[in-house]
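Participant: Residue numbers (our numbering), protein chains in the order written: chain A, 4 to 395; chain B, 4 to 395.
By construction, these hints were calculated from the structure, which means they are not laboratory data. One or more of the hints may lead you astray.
[Stated by the list, open to error] Below 30 Å or equal to it, Euclidean Cα-Cα: the simulated DSS-like pairs (lysine-lysine) are:
hint: 1; chain 1: A; residue 1: Lys121; chain 2: A; residue 2: Lys24
hint: 2; chain 1: B; residue 1: Lys370; chain 2: A; residue 2: Lys57
hint: 3; chain 1: A; residue 1: Lys205; chain 2: A; residue 2: Lys92
hint: 4; chain 1: A; residue 1: Lys353; chain 2: A; residue 2: Lys328
hint: 5; chain 1: B; residue 1: Lys63; chain 2: B; residue 2: Lys246
hint: 6; chain 1: A; residue 1: Lys96; chain 2: A; residue 2: Lys63
hint: 7; chain 1: A; residue 1: Lys57; chain 2: A; residue 2: Lys92
hint: 8; chain 1: B; residue 1: Lys242; chain 2: B; residue 2: Lys63
hint: 9; chain 1: A; residue 1: Lys57; chain 2: A; residue 2: Lys96
hint: 10; chain 1: B; residue 1: Lys238; chain 2: B; residue 2: Lys63
hint: 11; chain 1: B; residue 1: Lys370; chain 2: B; residue 2: Lys328
hint: 12; chain 1: A; residue 1: Lys340; chain 2: B; residue 2: Lys92
hint: 13; chain 1: A; residue 1: Lys205; chain 2: A; residue 2: Lys57
hint: 14; chain 1: B; residue 1: Lys24; chain 2: A; residue 2: Lys121
hint: 15; chain 1: A; residue 1: Lys328; chain 2: B; residue 2: Lys92
hint: 16; chain 1: B; residue 1: Lys328; chain 2: A; residue 2: Lys353
hint: 17; chain 1: A; residue 1: Lys57; chain 2: B; residue 2: Lys328
hint: 18; chain 1: A; residue 1: Lys328; chain 2: B; residue 2: Lys57
hint: 19; chain 1: A; residue 1: Lys370; chain 2: A; residue 2: Lys340
hint: 20; chain 1: A; residue 1: Lys63; chain 2: A; residue 2: Lys246
hint: 21; chain 1: A; residue 1: Lys92; chain 2: A; residue 2: Lys24
hint: 22; chain 1: B; residue 1: Lys92; chain 2: B; residue 2: Lys205
hint: 23; chain 1: B; residue 1: Lys270; chain 2: A; residue 2: Lys270
hint: 24; chain 1: A; residue 1: Lys270; chain 2: A; residue 2: Lys246
hint: 25; chain 1: B; residue 1: Lys92; chain 2: B; residue 2: Lys57
hint: 26; chain 1: A; residue 1: Lys370; chain 2: B; residue 2: Lys353
hint: 27; chain 1: A; residue 1: Lys340; chain 2: B; residue 2: Lys57
hint: 28; chain 1: A; residue 1: Lys372; chain 2: A; residue 2: Lys242
hint: 29; chain 1: B; residue 1: Lys340; chain 2: B; residue 2: Lys370
hint: 30; chain 1: A; residue 1: Lys370; chain 2: A; residue 2: Lys205
hint: 31; chain 1: A; residue 1: Lys24; chain 2: B; residue 2: Lys353
hint: 32; chain 1: B; residue 1: Lys340; chain 2: A; residue 2: Lys57
hint: 33; chain 1: B; residue 1: Lys370; chain 2: B; residue 2: Lys205
hint: 34; chain 1: A; residue 1: Lys340; chain 2: B; residue 2: Lys121
hint: 35; chain 1: B; residue 1: Lys328; chain 2: A; residue 2: Lys92
hint: 36; chain 1: B; residue 1: Lys270; chain 2: B; residue 2: Lys24
2 protein chains.
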Amino acid sequence: MSLPLGYAYAATYAGIRQVEKDDLALIVSALPAHAAAVFTQNRVQAAPVRLGRKHLVASKGQVGAILINAGNANCATRTGDAVALGSCKAAAKLLRLPVNQVLPSSTGVIGVELDAAKITNALPRLAAGLSGERFEDAAHAIMTTDLVPKTAFAEVKFRRGTVRVAGMTKGSGMIQPLMATTLGYVMTDAQIPVTQLRAMLKRGAEASYNRISVDGDTSTNDTLVLLANGACGVKPDAKELVKLEAAITGVMQSLAQQIVRDGEGAKKFVTITVTGAPDAAGAARIARGIANSPLVKTAIAGSDPNWGRVLSAAGNAGVAFDPAKTDVIMQGVAVCKGGLAAPFSEEELKQKLDAADCEIRVAIRGKGKGEARFWTCDLTEGYIRINGSYRT
Amino acid sequence: MSLPLGYAYAATYAGIRQVEKDDLALIVSALPAHAAAVFTQNRVQAAPVRLGRKHLVASKGQVGAILINAGNANCATRTGDAVALGSCKAAAKLLRLPVNQVLPSSTGVIGVELDAAKITNALPRLAAGLSGERFEDAAHAIMTTDLVPKTAFAEVKFRRGTVRVAGMTKGSGMIQPLMATTLGYVMTDAQIPVTQLRAMLKRGAEASYNRISVDGDTSTNDTLVLLANGACGVKPDAKELVKLEAAITGVMQSLAQQIVRDGEGAKKFVTITVTGAPDAAGAARIARGIANSPLVKTAIAGSDPNWGRVLSAAGNAGVAFDPAKTDVIMQGVAVCKGGLAAPFSEEELKQKLDAADCEIRVAIRGKGKGEARFWTCDLTEGYIRINGSYRT
Numbered sequence: 004m005s006l007p008l009g010y011a012y013a014a015t016y017a018g019i020r021q022v023e024k025d026d027l028a029l030i031v032s033a034l035p036a037h038a039a040a041v042f043t044q045n046r047v048q049a050a051p052v053r054l055g056r057k058h059l060v061a062s063k064g065q066v067g068a069i070l071i072n073a074g075n076a077n078c079a080t081r082t083g084d085a086v087a088l089g090s091c092k093a094a095a096k097l098l099r100l101p102v103n104q105v106l107p108s109s110t111g112v113i114g115v116e117l118d119a120a121k122i123t124n125a126l127p128r129l130a131a132g133l134s135g136e137r138f139e140d141a142a143h144a145i146m147t148t149d150l151v152p153k154t155a156f157a158e159v160k161f162r163r164g165t166v167r168v169a170g171m172t173k174g175s176g177m178i179q180p181l182m183a184t185t186l187g188y189v190m191t192d193a194q195i196p197v198t199q200l201r202a203m204l205k206r207g208a209e210a211s212y213n214r215i216s217v218d219g220d221t222s223t224n225d226t227l228v229l230l231a232n233g234a235c236g237v238k239p240d241a242k243e244l245v246k247l248e249a250a251i252t253g254v255m256q257s258l259a260q261q262i263v264r265d266g267e268g269a270k271k272f273v274t275i276t277v278t279g280a281p282d283a284a285g286a287a288r289i290a291r292g293i294a295n296s297p298l299v300k301t302a303i304a305g306s307d308p309n310w311g312r313v314l315s316a317a318g319n320a321g322v323a324f325d326p327a328k329t330d331v332i333m334q335g336v337a338v339c340k341g342g343l344a345a346p347f348s349e350e351e352l353k354q355k356l357d358a359a360d361c362e363i364r365v366a367i368r369g370k371g372k373g374e375a376r377f378w379t380c381d382l383t384e385g386y387i388r389i390n391g392s393y394r395t
Numbered sequence: 004m005s006l007p008l009g010y011a012y013a014a015t016y017a018g019i020r021q022v023e024k025d026d027l028a029l030i031v032s033a034l035p036a037h038a039a040a041v042f043t044q045n046r047v048q049a050a051p052v053r054l055g056r057k058h059l060v061a062s063k064g065q066v067g068a069i070l071i072n073a074g075n076a077n078c079a080t081r082t083g084d085a086v087a088l089g090s091c092k093a094a095a096k097l098l099r100l101p102v103n104q105v106l107p108s109s110t111g112v113i114g115v116e117l118d119a120a121k122i123t124n125a126l127p128r129l130a131a132g133l134s135g136e137r138f139e140d141a142a143h144a145i146m147t148t149d150l151v152p153k154t155a156f157a158e159v160k161f162r163r164g165t166v167r168v169a170g171m172t173k174g175s176g177m178i179q180p181l182m183a184t185t186l187g188y189v190m191t192d193a194q195i196p197v198t199q200l201r202a203m204l205k206r207g208a209e210a211s212y213n214r215i216s217v218d219g220d221t222s223t224n225d226t227l228v229l230l231a232n233g234a235c236g237v238k239p240d241a242k243e244l245v246k247l248e249a250a251i252t253g254v255m256q257s258l259a260q261q262i263v264r265d266g267e268g269a270k271k272f273v274t275i276t277v278t279g280a281p282d283a284a285g286a287a288r289i290a291r292g293i294a295n296s297p298l299v300k301t302a303i304a305g306s307d308p309n310w311g312r313v314l315s316a317a318g319n320a321g322v323a324f325d326p327a328k329t330d331v332i333m334q335g336v337a338v339c340k341g342g343l344a345a346p347f348s349e350e351e352l353k354q355k356l357d358a359a360d361c362e363i364r365v366a367i368r369g370k371g372k373g374e375a376r377f378w379t380c381d382l383t384e385g386y387i388r389i390n391g392s393y394r395t
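Using the sequences and the accompanying hints, generate a full structural model.
Facilitator: Right, dumping it as structure tokens:
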């Protein structure tokens, strides 16, 4: 699959992280792109998040470049605002863009001053390396505790031409995005008005990034950006936009799921489906409650079909439902029917739960039509090992 | 310290748990005691919780006996209601009490049928063993994954005599009581009207059991009971009641903290104090958010003064506060001032964090007067090991 037209990427090592591994990435759109973004809901917000919001307002949703560093979150630091603005200014000058068309992103440790000189010194060689082919390099550079880079692609053929979508993301811990994610960038070369782009992003995030959790912690730097630069010359009509939105949402779901698969210490990917809740929001709350229960997550790690923990976690979600009308299905096996134990072979199900992909389904029988799907991972000793010594 | 007058205790092995270790306990008050109880807020409630509520209403808050089994939660089982009622009836007959003066409690695995015969067969020898001295035996019998029994005592001297308080509790995992706890029983020999007893229990639980968390999961069987049988002949006046309530709350706090110290896999006991929040409820929400953050809990396990995670967890609690006016103090060392890194010796603080007791203080400077204290433990590989194979 080809990349969207009219974007260039670059990555370099600026010396921000201690290991010599690219830590600075640049995404540039040849034509000013329409942009929509969602950011973290955490009360504590990093300087680049605050500046990014301002720039999007000032530029009326036009973005020419995104400058991303890993290894330092530029959050809760004395010089944070100056560093974020200084980096954007330096990039804007090099790329001949208005400064408010540069979006800054940072990810990494909180509370350590970020040295602006490291970024400004690296910028010339970063810009010199820009190329339409270096998408994967940029996806590598934004990684922190990620074990693998995370990218996703889509292509939609319309009468007037082909529209392409490409996305990259990072994230492995401190994952429970709310209205946003860790860092995610999705590019398309279709032409889409800003207002429609915003609505598409909001719905897409709701069905993807807002439906995952690794550890229930929401980061201070979460950012998800959707760019549309129109470089392929196609301006989708209303019907085509629906098709394109499905492709974009698909890319976002793939990216979000890759984060969960790479969850810190995770060995298993868990899909949680809730049906029959009073409404979709209630279903999502129940699913999130199950996904965030350490007892459910450790049971999955141990291949233990401990449906009592699933039912108990559902009951703690603050949503009204009748346990006596609730079934729990694990790996397709009904383990609980109407709130009671159903007969099943524990030995066989244990084996099925050894799979890398597990499924928990909670079906509430009754009048409710609320459904939700949520993705999480198991909780293993690896998570503890990684997070007992992240900074040192 | 002596035990409250007029109570007797017993424990035996009824064969409910597989290991041969007492699993059935009985607490009897010689005089019918005034009783108040709070129960789990989980939507999924065990049969003994439902029956206990009914009995308290029917008896107008009179309790003669509490029958407790460990090893099986009697929750989400076909025969749950019948087993709970049958056990109470058998105990009531033996003890010559109205059935609604017997409170049932169960703790253990969810979703496995509890064999009523095991309890009714064991009851005669259980009742035969009743003694004012077997308080510790009962405290042992109610344990599940607990490593140690948990008891606390108080004595208050009034003009007309001495009032005594004794409490026992269990719990180690699935701990985030809300309006209740895992299982807890507090007895006093003072004479206290039921309405006042209820208010005392509510306030006491709010300051003790509702301020702890091991893993953020709320059990289906949480029950905290306060009994006052008047056996010491003292009916405290209004002023004395305040003093007695402080003693009772102290016993509850000690019990609650013992649960956290015995938290599954826990190596450290963590006290979280929040000051300067908009109100007390907001302070408690922030404290709970910090206490439930896996990233904070693993940092404490690793003796890592990672205050960025503390600040981020506070920011996720859904409470309005200004991060730029927020200090974080760990083990008495200011690590973050006004939302920014404060200078401190990382080496020295790491050593201080190796202590078994850790303290995290979040001080928001401003007009807010909301304060809260919360207790939690660190998150270690031991928690994962215990919960990856609980049932097998």
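Participant: Now look at each hint and say whether the structure bears it out.
Facilitator: Checked hints:
| no. | hint | result |
| --- | --- | --- |
| 1 | Lys121/A to Lys24/A | 14 Å, holds |
| 2 | Lys370/B to Lys57/A | 29 Å, holds |
| 3 | Lys205/A to Lys92/A | 29 Å, holds |
| 4 | Lys353/A to Lys328/A | 25 Å, holds |
| 5 | Lys63/B to Lys246/B | 26 Å, holds |
| 6 | Lys96/A to Lys63/A | 20 Å, holds |
| 7 | Lys57/A to Lys92/A | 14 Å, holds |
| 8 | Lys242/B to Lys63/B | 26 Å, holds |
| 9 | Lys57/A to Lys96/A | 19 Å, holds |
| 10 | Lys238/B to Lys63/B | 19 Å, holds |
| 11 | Lys370/B to Lys328/B | 11 Å, holds |
| 12 | Lys340/A to Lys92/B | 29 Å, holds |
| 13 | Lys205/A to Lys57/A | 18 Å, holds |
| 14 | Lys24/B to Lys121/A | 64 Å, violated |
| 15 | Lys328/A to Lys92/B | 29 Å, holds |
| 16 | Lys328/B to Lys353/A | 51 Å, violated |
| 17 | Lys57/A to Lys328/B | 22 Å, holds |
| 18 | Lys328/A to Lys57/B | 22 Å, holds |
| 19 | Lys370/A to Lys340/A | 17 Å, holds |
| 20 | Lys63/A to Lys246/A | 26 Å, holds |
| 21 | Lys92/A to Lys24/A | 25 Å, holds |
| 22 | Lys92/B to Lys205/B | 29 Å, holds |
| 23 | Lys270/B to Lys270/A | 25 Å, holds |
| 24 | Lys270/A to Lys246/A | 34 Å, violated |
| 25 | Lys92/B to Lys57/B | 14 Å, holds |
| 26 | Lys370/A to Lys353/B | 55 Å, violated |
| 27 | Lys340/A to Lys57/B | 26 Å, holds |
| 28 | Lys372/A to Lys242/A | 27 Å, holds |
| 29 | Lys340/B to Lys370/B | 17 Å, holds |
| 30 | Lys370/A to Lys205/A | 28 Å, holds |
| 31 | Lys24/A to Lys353/B | 28 Å, holds |
| 32 | Lys340/B to Lys57/A | 26 Å, holds |
| 33 | Lys370/B to Lys205/B | 28 Å, holds |
| 34 | Lys340/A to Lys121/B | 26 Å, holds |
| 35 | Lys328/B to Lys92/A | 29 Å, holds |
| 36 | Lys270/B to Lys24/B | 25 Å, holds |
Comparing the model with each earlier hint shows violations of hints 14, 16, 24 and 26; every other hint is respected.
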